[in-house]
Structure formats: C-alpha cells, structure tokens
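Protein chains in written order, with full-length UniProt numbering: chain V, 1 to 369; chain U, 1 to 369; chain R, 1 to 369; chain E, 1 to 369.
Just so you know, the hints here were simulated from the structure itself, not pulled from any lab data. Heads up, a few of these hints could be off.
Claimed, not checked - Far from chain V, some chain E residues (derived; all Cβ distances over 12 angstroms):
no.: 1; residue: N9
no.: 2; residue: G17
no.: 3; residue: H49
no.: 4; residue: K146
no.: 5; residue: K205
no.: 6; residue: R250
no.: 7; residue: E251
no.: 8; residue: D314
no.: 9; residue: S354
Claimed, not checked - Each computed BS3-like pair below joins lysine-lysine, with the alpha-carbon atoms no more than 27 angstroms apart:
no.: 10; chain 1: V; residue 1: K304; chain 2: U; residue 2: K32
no.: 11; chain 1: V; residue 1: K304; chain 2: U; residue 2: K320
no.: 12; chain 1: R; residue 1: K355; chain 2: E; residue 2: K304
no.: 13; chain 1: U; residue 1: K320; chain 2: V; residue 2: K320
no.: 14; chain 1: U; residue 1: K320; chain 2: R; residue 2: K247
no.: 15; chain 1: E; residue 1: K318; chain 2: V; residue 2: K318
no.: 16; chain 1: R; residue 1: K32; chain 2: E; residue 2: K318
no.: 17; chain 1: R; residue 1: K247; chain 2: V; residue 2: K364
no.: 18; chain 1: V; residue 1: K355; chain 2: U; residue 2: K304
Computed from a predicted model, the values in this text were never measured in an experiment. C-beta: ideal position from N, C-alpha, C; glycine also.
4 protein chains.
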Amino acid sequence: MAPAGEKKNILKRLDAGEVVIGDGGFVFALEKRGYVKAGPWTPEAAAEHPEAVRQLHREFLRAGSNVMQTFTFYASDDKLENRGQTLSFTGRQINEAACDLAREVANEGDALVAGGVSQTPAYLSGKTEEEVKAIFIKQIDVFVQKNVDFLIAEVWGVTPCHCITAHISVSKCADIVGINCHFDPETCVKTVKLMKEGVEKAGLKAHYMSQPLAFHTPDCGCQGFIDLPEFPFGLEPRILTRMDMHKYAREAYNAGIRYIGGCCGFEPYHIRALAEELEAERGCLPAGSEKHGSWGSGLSLHTKPWVRARARRDYWEKLKPASGRPFCPSMSTPDSWGVTKGHADLMQQKEATSKEQLEALFDKASQGH
Amino acid sequence: MAPAGEKKNILKRLDAGEVVIGDGGFVFALEKRGYVKAGPWTPEAAAEHPEAVRQLHREFLRAGSNVMQTFTFYASDDKLENRGQTLSFTGRQINEAACDLAREVANEGDALVAGGVSQTPAYLSGKTEEEVKAIFIKQIDVFVQKNVDFLIAEVWGVTPCHCITAHISVSKCADIVGINCHFDPETCVKTVKLMKEGVEKAGLKAHYMSQPLAFHTPDCGCQGFIDLPEFPFGLEPRILTRMDMHKYAREAYNAGIRYIGGCCGFEPYHIRALAEELEAERGCLPAGSEKHGSWGSGLSLHTKPWVRARARRDYWEKLKPASGRPFCPSMSTPDSWGVTKGHADLMQQKEATSKEQLEALFDKASQGH
Amino acid sequence: MAPAGEKKNILKRLDAGEVVIGDGGFVFALEKRGYVKAGPWTPEAAAEHPEAVRQLHREFLRAGSNVMQTFTFYASDDKLENRGQTLSFTGRQINEAACDLAREVANEGDALVAGGVSQTPAYLSGKTEEEVKAIFIKQIDVFVQKNVDFLIAEVWGVTPCHCITAHISVSKCADIVGINCHFDPETCVKTVKLMKEGVEKAGLKAHYMSQPLAFHTPDCGCQGFIDLPEFPFGLEPRILTRMDMHKYAREAYNAGIRYIGGCCGFEPYHIRALAEELEAERGCLPAGSEKHGSWGSGLSLHTKPWVRARARRDYWEKLKPASGRPFCPSMSTPDSWGVTKGHADLMQQKEATSKEQLEALFDKASQGH
Amino acid sequence: MAPAGEKKNILKRLDAGEVVIGDGGFVFALEKRGYVKAGPWTPEAAAEHPEAVRQLHREFLRAGSNVMQTFTFYASDDKLENRGQTLSFTGRQINEAACDLAREVANEGDALVAGGVSQTPAYLSGKTEEEVKAIFIKQIDVFVQKNVDFLIAEVWGVTPCHCITAHISVSKCADIVGINCHFDPETCVKTVKLMKEGVEKAGLKAHYMSQPLAFHTPDCGCQGFIDLPEFPFGLEPRILTRMDMHKYAREAYNAGIRYIGGCCGFEPYHIRALAEELEAERGCLPAGSEKHGSWGSGLSLHTKPWVRARARRDYWEKLKPASGRPFCPSMSTPDSWGVTKGHADLMQQKEATSKEQLEALFDKASQGH
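Sequences are here, hints too, so could you generate the full structure?
Set out below in structure tokens:
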C-alpha cells in the first residue's frame, strides 16, 4: 500500500484517505497452534516461542496488514500472576519481546507497530483508581521505550451495558474511534455508524476503526461472545468465511471506516479477503494474493468441471453454507448470571478456582439449564 | 510417546501395540496461512517459504504427531505444469525440500517421516499405464533417496464409486490399511470397520489407519466433500471442534484403529485433542498440552463465573454448538454431473480453463440449480 | 367458565377479573379444510357450507373459547367483487349467515358473539373517506341488526409502519385495546406491554387483548408475516406447538392481558392449550379437555415405555422440536418492495391480475433474489 | 373421478388403470379438533360426536379421496378397556357407527368404504394366537355385516424390525400391497419400490399403495416416528407443505403406486394436493379445488405485488421453508430402549401406569439424555 521509503504514521495515512488494514487475533490463532492457554490467555509465547509469534505476524503482513499489534494483551504482571503461571519470564520481558517481534516483521514490509493497552483484571476486581493506573503505566512504559508507532487502548464503557460495549481506540487524544472484539462484523459496523453520528452531531471529527470477531454472533447479548455457551471451544460453526469478510470490508468502507481490521477468530486468510475486497480503493493487492485467486478464481484450474463452475463471485456471494450439523441449532441463549463489576463472583483470585468452588458453579449452571 | 534413543519404525510401533498419532492437513492449513493456492493446491511452499512449512510441522509435533508427512501432495511435474505455475523450482526440488523439512522437525522429537505418494492427474486424464507408472517412479525416487521412514500411497478404488472411496495406505506390501481424506471421521471409522471385517474374513492381518477430514459431511455422496457446494471456501461451519475430535479418537480406538490422524481441515489443536483423549492408552501427553487444559479445565481461571462453570468434560460433551447462521441450512445437496474417469470434462489442461469454457460451465451449473 | 344463566357482557366479564379466551383463525383453518380460497380469502362458506363453519365454531367452543367471532372478515361487497367471485350470495347474505352460525354455537355454551369489522380494500386503493365510511356502515349494519354482543374493529395504524402495526380493538369507545394477527405471540405480548405502558402513562385505563398468529415469526419485519417468503403455503414449519401456547398464555396473563385469543394458524387444540394453562386462574377446564391430558399426561397410557416417559410437563417444556428439514434454514428474509398505501401496485383490480402483469411481477421478484 | 352410476370396486378401478386417492389420518386430525385423546387414541367419537367424524370424512371426500376408511382403528374391546375408558358405548357400537358414517359420506360422492383391521394390543402383550384371532374376528364381523367394500389390514412384519415395517394391505388375498403410516413419503415410496421389485422377481403381480405420514422424518430409525422425541405433541415443524405433497404424489405415481393416500398428519388440504398433482392422470379435479388455485395461482388476486409474484409453480417448488425456530435443531435422535415384543415393558395394563411406575420411567429417561 504505502510507497517504499519513509513510513507515514497512522494519522498521516488516514488523513491522506488511505485505507488501513489491521491484523487479526493472536490469542485465538496461537491457542489453536499450541502456544496460548485458553482461560488465562496470557502472551508468554512472545518470549517462550518467538518463532511461532513471528510467523503469525508474517502471515498477517503477507495478507495485507498495515499494522502489527504487539502480542501483549493481558500481559500485566497481576494478570500473569493470578493466572497461576510459573514462568521464567516477567511481564516486562514478555512485552519487550513482543514489541521486538512486531517491529522486526513490520520492517519486513511497510507496516506500523501498535501497542495494545488492555483492561486489567484489577479493574474488575474493584481495586482503587491509583492501583489500576499504576498497572497501566507499567504497560505503557514498555511501549514508550520500544518506540511503538501508536497505541490501541481498550477501555470498556463506563456503564456496564448499553448493548454496545464501546471500546474507544485512542491514539494521542483519541483521533481514531472504534470497536474492538466481542461482536461480529455486522454489529460492529452498525455500532461505529452510531458512534460516527454521535461524533458528527457534536461537531467533532475523528477517524473510525473496527476490529470485530470472525464469528457470527447474531444471538449474543450486550456482553458479547464470552457469554455464548460455545465460548471458547465450540465456536467453529460460527467462523466467518472469506465471503463474509468481503461483505464486512465493503460495509465498513461504506460506513466511512478506514481502519479495518479484526480480532478473535481472524486468521490470515480473513485479513487477505479484506485487502482483496478493497483492492481498487487501496490500489494494490497483498503479497499473499500471489497464492490466492479472489472470489474463487483459482478454481478454474480444478479437475472437476462442477468445481470449476464455482470460479466466480456470484456463486460464493449467494452460497448459504450448510453447517453439516443437523442435530445442532442455529442460535444459542447466552449465559449471564446478572453479575457486574464489583460483584464477589468477579473478584480475581491468585490461585485457580478450588474444586469446591467449581462444584458450586457447576451446580449453579445446571439449575439454569 | 516413544522412549528416547533409537526410533522404532512404524510397524514395530504398531506391532508393539502403540497408538500412533498422525498429523493434519497441510494444503488447507497453509492455504489459510497464505502459502498454497486453492485450485492447483501445489506444495511449492516447501521450497519457496520453508519457514512456514517448518512451523506447521513443529506445531503438529508439539500437538502429539508421531509422523511428519512430507508436504509433497500433487507435486508431480505434470501437475505443477498443467496448473499454470511458472515456478523457479522443479517438482524434484520441491519434493526434496519437503523431505528435508519433515526430517528436520521429526528429529526435534521422536517422529517418523512418511512420504506421500499421490494420485496423478495423468491417471484421470486417461494416460497409459506406462506413463502413469513413470510419474509415480519419479515421485518415489526422491523418497528413497531422502530415506523417508515409510510411504503412504493414496490409491483410488478401481471402480469409480462404491460410496466408499477406498484409499489403501501401503507401507511395503500394505501392512497398514485405511482411509484418507474425503469424508468425516464418522464415515471413515465406519468404513475402516468394514475393511477390517473384510480383511479378517479373508483370514488376513493388518494394522488400520484413518485420516479423515476435520469437516462434518453427513450430506456428502460417494465422491466426498469436493462435491459439496461449500468446497473449498465455505466449509467453515463444518469444522470439527476439539470435542468432536475426542469422540473421533475414542471411536477410532474402539474400532481397533491404531494409526489415528487427520487430513484436510485438521489444525494442530485437532491433533492435540486426539493425543489428549488417548493419554491413558499412550501413557503421555503431548508437549503442546502445557498450553491446554483437557476438556476446558483451563477455564477454571476465567474471570466470569459462568465461564468457569464450563471447566468440565460433560459441559462440552453435551454442547450442541450453534452455527450463528439462521439463514443457512444444516445440510447441502452435493454437485455431481455424472462424470467419471476418462470423460472429456476431466481431461487435464495445460492452461487454465478459458473464459469461454468457464462461461459454458457457469451456464451448466445454473441449469442444475 | 361462566355460570349458567344470563350471559355477562364482555366488559362485565373483564371488569370482574375474568380471563376471556378468544377463538382462533377461521380463514386459515377453513382454507386447509377446503372451504376458503387463499388469495381472496373471502368467507362465503358461511352461506355455502354452513356445516363446515358451524363445526369449526363448535370445536373452538369445546376448546374453551368464550367468544365466537363472526366469520365475516373481508366480506364487504367490493372485496367479494374484485376477487373475481361469481357467487350466488351477496355480502350481506354471507354476513347474516355468519352471524346466525356464531350465535347458534355461542348459545350451545356460554359464549359471546363478536362482530369483526375489517379494513376494506377501498382504503388501500385510495378511495375517499366518504366511500370508505359507507362500506364500513354497511358491514356494521348487519351486526347491529343481528344483535352481536360486541365488535372487534381492526384498524391499521395511521403511519404505515412503526414496526408495530397497532390494531386497536374497539368495544364501544375502545375499552379493550390490543393486537390482532400479523405477528407471533412473543411479539404481540411485547407490543401490548408497550401499549399498556403508554395508556397508563396517559393516566387512562383499559382492558388488554392479544390475538397473535400461531406461527413463529422472529424474522418478519414491520409489515408482518405476509412478507415472509413462506406466506401462505409454506408456513407449516413455523406452526406453534401446544407447549408454545402454554408459554404464550402464561406470558400474556403475566403482562396483564385478560382477553387472550388467536388469529391465523390457531387450531382448536391451540385454544385448548390456552384454556388448560389458565385452568387455575379461570377455575375450570374446557369441555374438550375430556379428550386431552394436559402436558402429555395421556401418554401414561402409551404402549412403549419411552413414550410413557414423556407424560410430564418438564419433558415438553424443555423439548426443542426438530424441523426434520436439514436442507432448510431457520429464518428467512422478508420480501418488501418498498411499496405503501396509495402506490399504484396496491390499487385493487376487479379482475385477476393479467398474465402480462404477472410476468412483470415474476421478473421483478427474480431480480430481487 | 369415477362416472356416476354403479360404483366400481377397488380392484376394478386399479385394474382399469385408475389412480385411487386415499384419505388422511383421523386420529391426529380429530385429536387437534378435540375428539380423540392422545395416548389411548381410541375412536369413540364415531358414536359420541358423529358430526365431527362426518365433517372430516366430507372434507376428505371434497379433497378428492376415493376411499373412506372407517374410523375404527384400535377399537377392539380389549384396547378400549385397557385404556381406562368408562364409556357408554361398546366397541361394537363404535365400529358400527363408524361404518355408517363412512358409508353415508361415501354415498355423497363416488367413494368406496374400507374397513381398517388393526393390530391389537393383545398381540404385543403376548397373548396366544387363538386369543388374538378371536379379537380380529370380532372386528371383521362388523365390517362384514356393514358390507364395507374392502378391508385394509395392518399387519406388522414378522421380524420386529427390518428398518422397514412392512404393512401389507390386503384386499381379498392381498391384491394390493403397500406401506401404511410410521414413515414419511420419501421412505414409504422407496420401500414400496423395493417391495415391487421383490414381488416382480417372484413372478407375481400386485397393485401398490402407500399411506405415509405427513411429517418429515429423515432422522427416524426403523421403528418409525413414535420413537422421535417430538412424538406426538411437538411434530408441528415437521408437517409437510402442499408442495411436499405434490412431490410425493409424483414420485409415488412414477414408482408405479396407484393407491396413493396418507396417514397420521394428513389434513384435507394434503389430500387435495395429491389430487391436484395428478389432475391429468385422473382426468379431473376434486370438488374442493373450487376453493383452491393449484400451485398458488389464487395469489394472483392478493393485494401486495410481492405476494402476487408468488402465484407460480417454480416459486413454491424452489422454496426452502424456514422453521422460524433458530434455537431448535433440524434433526433429532430417536428414543429406543431396546425393547421388543414380549418384553415386560410392553405388557398391556388395564389401568393407567401408576405414579411410581411413571417415576421409574422418568428416571430411566433422564439417564439416557
């Protein structure tokens, strides 16, 4: 996308009308590859298995990502600790390694490095503002030292639930506003539209971003996909296809969103589909498209004639893909025990939940079903 | 699984009653990662992007695979050629690189290297037996030179369709018999059971293997998943979960199958689930399980109590995962134009199908719908 | 429900806190029985086949209905005419016959007779207020002469669509307010709740009624089920079960609705389920319950033990009934060509749509798909 | 269908190449109308509420039925008794009344009367051949005296389950062979085809009939729809549409079946659809078609243009009707506790199952889920 030579910063790119393609979700992708533990979701792989993290960065770069997000989600020390990890790396070492990996791969292309500032467990556990701030500062300190190009701060809305959990992505004074994770593309684009209306009514200006899930979640409530009974090990049937991604890219673009990326569930081919949909607007195809024919065109080489007959856009646009699961429903009822911030049930624990505590939860769960 | 020191060959392992875990599908996984083109499906990445292929081998090794299959599927020269590739590598160079990568990673653990001998397009195009043999010999020559531990030969059944496309996997005189690709685990296990009955009725002995798809295909006909309208870009809703994999591992084991692996759609976490299900039988967990709690146990560390309540086997066993796609059906009708070996429509072409030829196919397809 | 002797009028019943059970939909039930033509939906059967109409009234009475609605929907002369009927009965004769039948059966029990005043095609065709009024007066004249106990006037909301098509049911000065037809019970109950809030905020008082469809329509837009692609010949998979009806009765009751009935799709057993759910509140079971065990209790007599094991409420409450249609989706996208009152496309025609006109519509339809 | 004047008997009709349209299921239809109790399913309504039974006969006659089956299913005295009925009518009185009603309505048109000889509970309870025979003779005695035109004997296959429960319909020496109830049309037609092949291979000749369910049951096992968890109160989403009936009629006809009728779930409009599909072959439309436009043609009169656009055959043929139930699956797993004839669990009881017995069954059921 960008000309070789000096890299433009994110705002210059957006101000110039460029479409910035984000990257996808590291925790979910690396969990499937064997480097992240579901539950704690901590990013120690950046230090422990750098080759795996580097490879994923590269795949997103090849797929068209203009931004490498550091794999630092949830890497505050308190999180690492209360997740029962006995690691040979500190949170700081992990975050530094993550920054280095992102920078290394970003420099293989023309990508920027974004530091991710995440909500800390301390917040939900009801710690004081001072304590929470201290943890944030520790996180940000590494980013400053490692000279990341910009920050993406995930901040949950103040009110517990507007059926829209407004994550505001901030780059120096919040020049870019958007939605990250928790909902599918359709919901995210709709929500950014509402944000945009609000911003414009207030006479303000901003750039807009969206980084949704790569899972269909028409049935999830205001707290997002975590409450769905399928989270996190039964989400496969909800995974978006590349056709769904083309649709998302187009709708996001039409809604005025110019930072278009993804979050949990996004694999490199999902990002590639975004870049391919916006080929005309961006004036280029990603490197990875050398191994991909947009909209199935590569199938014109297939042995079987009825598969060759699928080498066209309208075939894939009209397809309603079957689940292959006739014994399963198409929607679920989200769990939710009416629990919000400050509630004892959300207090963080240093140790894993005890057997007795778990039994009590299992009982509570079965009553609800 | 195996003790350090000298590696036992595949037959010794099976004769000793060991359960051998295979690996997963390279073409599908690498297509999503950006290194394989859907349609031609050729494996030039082994030479062009060895780091990507090496990483995937490593992930399978970590997940518990005892066998590294060389990424040489479809790498005969005639295939590369008539897929319109203009490559800087010959088929031989690609196959050699693939063997080296498989060996390199196998040696990082205690895995064996298997060479994959694939059906050539020449066969379907109706070439003579002589011609087809010559191509096979070229393939095998590399394996011999690179000293792979054994071969997996994919041979289609002679009759075009018994509703079971019996792939026989041969290791010197076919000591291991089984099913590869094209159908879901349920179908494959059922078919191997039939094979076993047949072999035993004939007074013979063999070891059994299965390497099914990681897609649910209750609706596919006798030619397998290629005919499903979702092949290959809309298969996401059919992807098996890790729970489905536990079930597959158990049923395969109960059916007497001792070489249990996967094919298209299998990601490292699918293989890990097989290894975890058979922990007791194999006497070990794979390295990758350090980042995984079997059956969701890692969720006992989650913030939300209703997610902690999912940290148990029976929750995931009973779950009927929703598709999140209420506008889609749960089964499809396979395409099939009644075309078999020798038919003009299956003749291989050197060039991509022409625009005119494609238009004719598109028309034919729309009439059928 | 009511003691023998003098019948109380509808308001006295509701004022006294009684729960009034309405009846079900005549046009749909009689279409399936062979006496009403889908499309025109005219009620000439009241005069032509009185035994069929009488029998359906009786079945609803047996099922617990406290009200017999006259089968006079759409029976204005202009409607009969422009539906291409060549009948030996006038609209007046049909309406008189319908009143007599409703009265005859009402007197077999303790039910009231309600005259239904329907929207006329003249309204949509854009006739003057005078003309429309004249047609209404003609309709009402019969009801007055035949001395029906009260009227149910179906009046469409003034604005074409609030996503709630507020039908206001009027009994002398609109003492009863509610929703009729077009949406499923869930939507109707929710809407009446909103109405109630509005009425109470305005410091007013009213009784509330609901007469929803017996079809699940989670996917229909603001114009109701007519726009669903399945209307009217493919609605079978959406039919509510008796368990769904129990749920509806309870939710309607909890919402403060005391006139609880049904519309299109309601068969006698649906009404019976309403009456059985509210047995305690109404202090009686309907006559028809002599042939029904609530919540499956009659199954305790079944031959097979696993069917006897279904003779309990929680079995049926938890059941998620399968469609038996794996090739069909669970939701549809409603048709709608953005056409509203006054548009040429909605002008009534005396003759059936011509072949040419139909062809044009078919073309328009296929473009939209 | 048949010319006025002397009625031809069933074999003359079939020998002459006529297509005979059967009627639909009385127990299910009358259960919904309020005259039959699910569980015992006994036909006392013939004596208690003759107007209801007469009306249903008339609707089937209007819909095109050439045969009125007497509503005598399960009316042996032992059945009535052990179903806990305290009736004012004997089995004989009920059967006589049923014969009279069938004859009365048959004579309103040109239909024949068929007596239904049903399997008795005595058989499953393990009574002696003598005892079972005595009950049959009692049933048949009434038919002889009332001079029915022919008998339809439902005889279960000797072996408990061939995955095909072959009911053989006998008319003097079994000239007509076919399938009744328990499976959907697709399964029934397929099975009759197999029967036909068998009969023809044996060098015999016969006429063929099919009377399937009007429910889709792709998921039911060899014992039929009773084992489906939805039986009998949650079958609504499986009800066939009239389009499904057109397809059934055509496939049955193409398979050489000439006695085409229905069983449980068939309503008059289902029978009408059979008669309309075979209009050309039968040379006539049923009386009820005056109130029906085949294939939706009546919709050309609808107010909304997009509904008028549905007035064509191919619209309805292609429609995949949505269930409106996104929380439900499309297939179920049948119950079955491995119980067959003679097993204590199937012994008939005079009294309803006791509370304690039921509790034991409920426990057994919940273990299985």
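Exercise. Does the alpha-carbon distance linking K304/V and K320/U stay inside the 27 angstroms limit?
Worked result: violated, 34 angstroms
Problem set entry | Restraint status (C-alpha distance of K304/V to K32/U at most 27 angstroms) | holds, 22 angstroms
Problem set entry | Whether R250/E stays farther than 12 angstroms from all C-beta atoms of chain V, as the label says | holds, 26 angstroms
Exercise. Between K247/R and K364/V, is the straight-line Cα distance small enough, at 27 angstroms or below?
Worked result: It holds: about 24 angstroms lies between the C-alpha atoms, which stays within 27 angstroms.
Problem set entry | Beyond 12 angstroms from every chain V Cβ - status for E251/E | At about 22 angstroms from chain V, E251/E clears the 12 angstroms cut-off, so the statement holds.
Exercise. Against chain V, does G17/E keep a CB gap of more than 12 angstroms to every residue?
Worked result: With a cut-off of 12 angstroms, G17/E remains clear of chain V, as the shortest Cβ separation is near 40 angstroms.
Exercise. Is K355/V close enough to K304/U, meaning Cα to Cα at most 27 angstroms?
Worked result: holds, 16 angstroms
Problem set entry | Verdict on H49/E as a residue remote from chain V, using beta-carbon distances over 12 angstroms | holds, 40 angstroms
Exercise. Is the hinted pair K318/E and K318/V satisfied, with a Cα-Cα distance of at most 27 angstroms?
Worked result: holds, 15 angstroms
Exercise. Against chain V, does K146/E keep a CB gap of more than 12 angstroms to every residue?
Worked result: holds, 47 angstroms
Exercise. Given the hinted pair K32/R and K318/E, is their alpha-carbon gap at most 27 angstroms?
Worked result: Status holds; Cα separation ~22 angstroms.
Problem set entry | Verdict on D314/E as a residue remote from chain V, using beta-carbon distances over 12 angstroms | holds, 17 angstroms
Going through the hint list in order, the structure does not satisfy hint 11, though it satisfies all others.
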